Structure formats: structure tokens, C-alpha cells
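Please put together the full structure from these sequences, using the hints given.
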Amino acid sequence: METITIKTLKDLPPEENLLPGTAMCAGCGGLLALRHCLKALGDKTIIVNAAGCFTLLSIYPFTPFRNSWLYTAMASAPAGAQGVRDALDILIRKGRISPEENLKVVVLTGDGTAYDMGLSSTSGAIYRNLDFYYICYDNEAYGNTGFQWSPSSPFASKTATTMPGRIIPTGAELSKKNLFEIWRSHKPPYLATISPAHPVDLVNKFKKAEQFKGPKLFISLAPCPPGWGTEPSRSANFAKLAVDTGIWALKEAVYGEIRHTFIPKKFKPVEEYLKEQGRFAHLFKPVRQEETIRKIQEMVDGYWKEARI
Amino acid sequence: MLRVRFHGRGGQGAKVASRVLGTAAFLEGYYAQDFPLYGAERRGAPIAAFTRISKEPVLERGVIAEPDIVIVMDETLLSDPLSSPLAGVREGCVVFINTTHSREEVRAKYKITAQVITLDITKISLDILGRPVLSALAGGVAARLSGLKEDSLSKGVEKETSEIITDRSVIEKNIEAAVHCYNAVESHPHPAPLPSRGTEVPEGEGRKTTVITVPFEPAITSSPAINTTGSTPMRKTGNWRLFRPVWDYEKCTKCMTCVARCPDGCIALNEDGFPYTDYENCKGCMICAEECPVKAITAEREVHSW
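Protein sequence lines, in the order shown, are assigned to chains A and B.
According to our numbering, the first sequence is numbered sequentially starting from 1.
According to our numbering, the second sequence is numbered sequentially starting from 1.
Hints listed in this document are in silico derivations from the structure and should not be mistaken for laboratory results.
Note that the structure is predicted; figures quoted are calculated from it, not measured.
Cβ atoms here follow ideal geometry from the backbone N, Cα and C, with glycine treated the same way.
Watch out, some of these pointers could steer you wrong.
[What the hints assert, rightly or not] Listed below are the simulated BS3-like cross-link pairs for lysine-lysine, each with C-alpha atoms no more than 27 Å apart in a straight line:
1) A:Lys-10 to B:Lys-251
2) B:Lys-159 to A:Lys-285
3) A:Lys-7 to B:Lys-251
[As the list claims (entries may be wrong)] Covered by chain A, according to a simulated footprint, are these stretches of chain B (three or more residues, beta-carbon under 8 Å):
4) 43-57
5) 220-234
6) 256-264
7) 289-301
Given below as C-alpha cells:
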């Protein structure tokens with residue numbers, strides 16, 4: 001099936017389905033990604049939100065959404081989505097609502113839920129071929145509680161629980177879990193990585209996903225000013241640098257078949273992305289950790305070498 | 001006992017300011033207690049922090065409802081019902097307000113009968129540190145108003161900032177800024193002290209329990225439900241802003257970059273296709289100015305005008 005694609009920022013859907021006035025931090029990269037996701041999805045959605053930063057989107061008695069929003073514990077958002085999907089299907093079958101009133105069921109979670117606590121219930125939902133969307137805003141730590149280490153935290157990053165010190169000067173010793181590959185192994189109809197700095201690519205991916213019935217999964221990098229130790233004004237810039245250095249690969253997988261949707265013509269060195277973030281500052285000051293920086297560059301180079309085969 | 005309450009916005013450094021004061025007092029030989037009030041809020045949202053200083057061990061716990069000194073690190077909080085920095089302020093209290101306005105203007109505007117001191121510590125912070133992080137500066141003001149020595153303040157700032165900052169020059173600048181603020185305000189008399197709570201437990205009292213039976217309610221009434229959609233704009237997050245984006249339509253090429261990059265969806269197009277922002281809700285993250293390819297957006301310091 002051919003899908004209509006957009007080409008420039010001027011083609012982005014003008015409707016705002018996420019209104020201002022939320023309690024999210026100024027310069028929240030996750031919020032920017034979500035804003036574009038909801039532009040692409042439209043207002044006929046129901047969001048099932050696991051606990052995380054985005055808990056605070058709807059604080060009683062206010063909500064920034066034009067659609068319904070249901071709140072769940074961290075590990076159970078896909079189970080909540082199953083319940084909502086079943087309820088909608090039953091209501092349609094019984095004729096209580098018309099098929100036009102059908103809603104898209106959208107799970108919204110952070111990386112703590114997606115990579116960690118909610119992984120098994122997500123696996124279950126993909127396995128059952130639940131017809132839903134999953135958006136993960138990945139700020140690479142448990143941001144809502146003070147930026148503690150999560151399995152999504154990249155190698156050598158500083159979090160509240162991987163403080164670089166005399167014994168372990170690198171910060172986080174383990175590498176980021178490869179959630180894309182874990183999800184891809186289920187062969188879902190649609191799976192993609194997205195970036196708030198590439199809204200055209202983001203919207204096109206949602207448009208493409210629309211044709212599939214079953215799990216449609218999205219992982220968005222979400223620059224986080226307080227957690228990453230960056231200026232709020234630089235969030236879009238860091239999202240872009242992550243793509244330009246090759247650290248955040250923009251790709252999609254249809255029934256498990258991978259395709260990269262954007263490959264930088266010339267990759268920037270990872271150092272450009274790392275050096276201005278507080279969470280990587282220890283790699284440059286007071287002593288430059290050459291070995292660690294090289295290891296990060298090698299990990300990125302290794303990924304692209306493998307991907308181009 | 002001296003009770004000091006700090007009001008700031010998440011990210012301004014109210015928590016660290018309360019720690020700087022507590023540590024300075026401790027190093028001077030006092031008993032001290034400091035802690036922030038955490039809510040389900042984040043950077044930009046109202047935050048409170050508390051410091052108790054005493055010659056006797058501090059047994060009092062919990063938030064400070066009747067402060068002797070109040071440090072308001074962001075003037076816009078005075079009109080924010082969520083924050084209410086003047087709550088519990090009694091005659092003789094010392095209220096410090098970070099503002100560009102004079103004490104007379106502030107007293108008249110907010111009808112404050114307590115002692116008022118004003119100073120634009122945001123400007124001092126931008127001048128010395130280059131960033132609007134006010135923790136050491138508010139700590140410096142609080143140390144002066146609490147009657148602590150300048151030397152204790154310097155040590156307190158050094159101890160607290162070196163736990164979170166690795167760059168020695170930044171620590172030095174924080175000490176410089178704190179001392180500058182310490183010397184920029186005059187000491188003021190404290191109000192008559194309130195009795196310390198938590199030291200005496202009345203015999204036979206306080207252990208009576210009354211069981212309150214809560215009737216069963218169905219989920220539709222017992223769980224919170226929001227029935228009006230799209231209502232957050234009423235919260236008006238515009239008062240989080242330190243800088244406001246201002247567009248130069250002479251330079252603007254209507255490329256839509258700012259519209260596409262605004263996390264809060266505040267930027268829309270006017271009838272002529274030029275972008276403008278909803279200043280009532282724009283948080284001033286300045287991504288628009290950073291991303292504008294022709295630099296048509298400038299950041300102007302937000303001065304709270306009445």
C-alpha cells in the first residue's frame with residue numbers, strides 16, 4: 001500500500017493535539033517528540049501512560065490532551081492497552097459505538113518502563129499481536145525520580161547512581177540495552193526509531209505505520225536538560241547531533257526487515273555530541289579519558305559497519 | 001531557633017541555597033537542619049526548601065509554616081497560588097525578594113507589612129556566573145539575614161558546590177557571587193522567636209486515636225477524572241520564563257523551524273504567516289532562538305512588570 005509522505009516542515013500537520021501549560025521542564029525533548037507524534041496520530045486516540053515523567057502531563061484537574069488518557073503502573077501499560085482495545089472492540093461489535101468512533105490505542109512510556117520494568121508485558125502484547133501503538137521517550141535514565149541509571153543509559157554516562165569517581169572514572173560501565181533488536185526479534189508489523197529533531201521523518205513513519213494492524217512501536221531519543229546537564233535551548237540541537245554522529249540511528253523495521261531512513265553523508269565524531277553534555281563532562285575534565293572516548297567511537301563505527309552489509 | 005524558608009523555581013537552586021545556609025551555620029557551631037519539599041513537579045515549577053538553625057539540638061520536624069526569614073528567589077512566585085511564599089509571615093519577619101523593583105514598590109504592590117529587602121540577584125548571577133543559578137547567591141543573602149559570618153558562608157558554599165561541581169573556577173565564582181550578595185544586603189532584626197516544637201510531649205496526650213470510617217465509593221466518584229480536555233493552558237507556565245523570545249519579522253523567512261522545534265507547541269502563525277508565541281505559556285526554553293537559521297529570534301531578559 002502506498003502511503004502519502006511529507007517532505008518539509010511546512011507539510012507538518014498544523015493541528016496541535018498537545019497543548020501548552022504542562023509541568024514538563026523547559027526544553028523537554030520528549031515533549032517535543034510527543035507533540036509531533038500526536039500531530040501524526042490525530043485526536044482520535046486514547047493514551048495509556050505508564051508512570052514516568054509524562055505522568056505529570058495530566059495533573060488533576062488539568063490535561064494537555066484533546067483525547068482520553070489512562071494512567072497505569074510502570075510495568076502494566078501494555079496490559080492497560082489490551083483492556084482498552086478489547087473494550088473498544090466489544091463496544092463496536094455490540095453496536096454501542098460506530099466503527100468511525102474507533103480510537104487508536106497508544107502506550108506512552110519512558111525508557112525505565114520500556115527497557116526495564118515493562119519489557120515483559122510489552123513482549124506479551126507484541127506476541128499476542130495487540131493492535132496498538134507504543135511510544136517510548138528515551139532520555140536514557142530514570143528521569144522522573146532524579147536521573148538514576150536505567151538499562152538505557154549509555155556507556156560512560158553519569159547518572160545519579162553511576163557517578164564517576166576515583167575507582168570507576170568512566171561512570172556507567174554497561175552499554176545501552178538494544179531495545180530495538182529485542183522488539184524486532186518479535187517481528188512486529190512496524191517498528192521505528194524517531195527523533196524530535198527530525199519531525200518530517202517522524203510523521204512519515206507514523207503515516208506508514210497506520211496501514212498495519214498489530215503492534216506499531218516507536219523509540220524516540222529525548223534530550224533531557226536537567227538529566228543530561230545541558231541548556232534547555234540545546235535540546236533539539238543534541239537530538240540532531242545524536243543522529244549526525246551516528247549514535248542515534250534513524251531506522252524502521254517492517255515485520256523485522258530493517259531499513260535506515262536517514263544516513264548522514266559524513267558522520268561527525270562522537271566527541272561533538274559528548275563534550276558539551278554534563279553527563280559526559282567527566283570524559284574531558286579534569287583528565288581527558290582518551291580510551292573511553294575511543295571506545296564509544298568504535299561502538300558507533302562498529303554499528304554502521306555491520307548495518308551497511 | 002531561626003526558621004528560614006526558601007521559595008524558588010525548580011532549577012534555580014532553592015534546595016542547594018537551603019543547604020549552603022545550613023552548612024554555613026553548622027560550620028559556625030550551630031545545630032542546623034535543611035531539606036527541600038519535593039512535589040510532583042520539575043524544572044521551572046515552584047519549589048520550597050527549609051533551614052532551621054539553633055544553639056540547641058533541632059528536634060522540630062516538617063515544613064516551616066511560620067518562618068522568621070523568607071527568601072523569594074523568583075518574584076513571579078508572589079502571585080502564584082501554588083507557591084504562596086508569604087503564607088505564615090508575621091509582623092517583624094524578614095522577607096527577601098529577588099526583583100528589579102525597590103522595597104517600597106514591592107511592599108505596596110504585594111501589601112507586605114513585614115520587613116522587605118530587595119536585590120536583583122538574577123542580574124548578579126548572570127554577571128558573575130553567566131548563568132541564572134541562584135543557589136550560592138540566595139544562600140549568601142540568607143546567611144547575612146541569619147547573622148552568620150562571611151567566612152562561614154564561603155566555607156558553606158565551597159562545601160556544598162564542590163559536591164555537585166567539579167570545575168574549580170566555577171566553585172570560586174559561586175563563592176565570589178555569594179559573598180557579593182552577603183555584602184549587598186544589610187542585616188535586619190529578627191522577629192520575636194516562636195517556641196520550639198517537638199521538644200516536649202505532653203503526658204497522656206497525643207496517643208488517642210480516632211478511627212474514621214470512610215464509606216465505600218464506586219470508582220467513578222472515588223478516582224480522579226478530568227472531564228475537560230485541553231485545559232493545561234490555564235496553568236500559564238509563562239511565568240517560568242527568564243528570557244522571552246522576540247521575533248524580528250524583517251529577518252524572518254517563515255521557514256517554520258521555530259514552530260517545529262517548540263516542545264510546548266506555543267508558537268503559531270499570524271495572519272501574515274509570521275510566527276508568534278503564546279507568552280502566557282511559553283516557558284522560555286529558547287530552542288526557537290537557538291534553532292532559527294537566520295537568527296531572527298533574540299532573547300530578551302524578562303523583567304516582571306506590573
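Can you give the numbers of the hints that this structure goes against, from lowest to highest?
Hint check: nothing fails, all pass.
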